[in-house]
Amino acid sequence: MFPFATTFVTMCAAAVLLGLGTGGAGQAPLALATDATIDEPHGLSMGVYRLFGDVGFVVGPILMGFIADNSNLSMPFYVTTVIIIINVVLVQLFAKETYSRKKADSMIAPPE
Numbered sequence: 001m002f003p004f005a006t007t008f009v010t011m012c013a014a015a016v017l018l019g020l021g022t023g024g025a026g027q028a029p030l031a032l033a034t035d036a037t038i039d040e041p042h043g044l045s046m047g048v049y050r051l052f053g054d055v056g057f058v059v060g061p062i063l064m065g066f067i068a069d070n071s072n073l074s075m076p077f078y079v080t081t082v083i084i085i086i087n088v089v090l091v092q093l094f095a096k097e098t099y100s101r102k103k104a105d106s107m108i109a110p111p112e
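Residue numbers 1 to 112, in my numbering, belong to the letters of the sequence shown in order.
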């Protein structure tokens, strides 16, 4: 929505939508990464997840600034949109469901 924001109000609306989306989905990838690993090294999987996220926070603005300098100010948002769509498709294709109803029930109620 940022490339289409032409006024301060539409820019604020885009920022609110971005915040809601980030806040609503921020922990799901971390939970998927830790659930998909073997039982013990959850700390390692969380660390690797955070490492790649932090590298993205450093490299992303530099790369998107380069793209904006060599094209226009809307292009970084389009590139980011394409990257997000590719990630969503990859997760839908390759991520396995880790939720187990039986395991969840055993965590809540003591066995009889």
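To be clear, the hints were calculated from the coordinates, so they are not data collected in a lab. Do not rely on the hints blindly, as some may be mistaken.
[Unchecked claim] The following label-pair restraints were derived from C-beta to C-beta distances:
(1) Ser74 / Met46: 16 to 22 Å
(2) Asp54 / Ala15: 21 to 27 Å
(3) Tyr78 / Ala31: 14 to 20 Å
(4) Phe8 / Val89: 31 to 37 Å
(5) Ser74 / Val9: 37 to 43 Å
(6) Pro61 / Ile85: 19 to 25 Å
(7) Lys96 / Val9: 16 to 22 Å
(8) Thr7 / Pro29: 28 to 34 Å
(9) Asp69 / Lys96: 38 to 44 Å
(10) Gly47 / Val9: 17 to 23 Å
Note that beta-carbon positions come from the ideal geometry of N, C-alpha and C, so glycine has one too.
To see whether the hints hold, each was checked on the structure:
| no. | hint | verdict |
| --- | --- | --- |
| 1 | Ser74 / Met46: 16 to 22 Å | violated (35 Å) |
| 2 | Asp54 / Ala15: 21 to 27 Å | holds (22 Å) |
| 3 | Tyr78 / Ala31: 14 to 20 Å | violated (29 Å) |
| 4 | Phe8 / Val89: 31 to 37 Å | holds (34 Å) |
| 5 | Ser74 / Val9: 37 to 43 Å | violated (18 Å) |
| 6 | Pro61 / Ile85: 19 to 25 Å | holds (20 Å) |
| 7 | Lys96 / Val9: 16 to 22 Å | violated (43 Å) |
| 8 | Thr7 / Pro29: 28 to 34 Å | holds (33 Å) |
| 9 | Asp69 / Lys96: 38 to 44 Å | holds (41 Å) |
| 10 | Gly47 / Val9: 17 to 23 Å | violated (41 Å) |
Violated hints, listed in ascending order, are 1, 3, 5, 7 and 10; each of the other numbered hints is respected by the structure.
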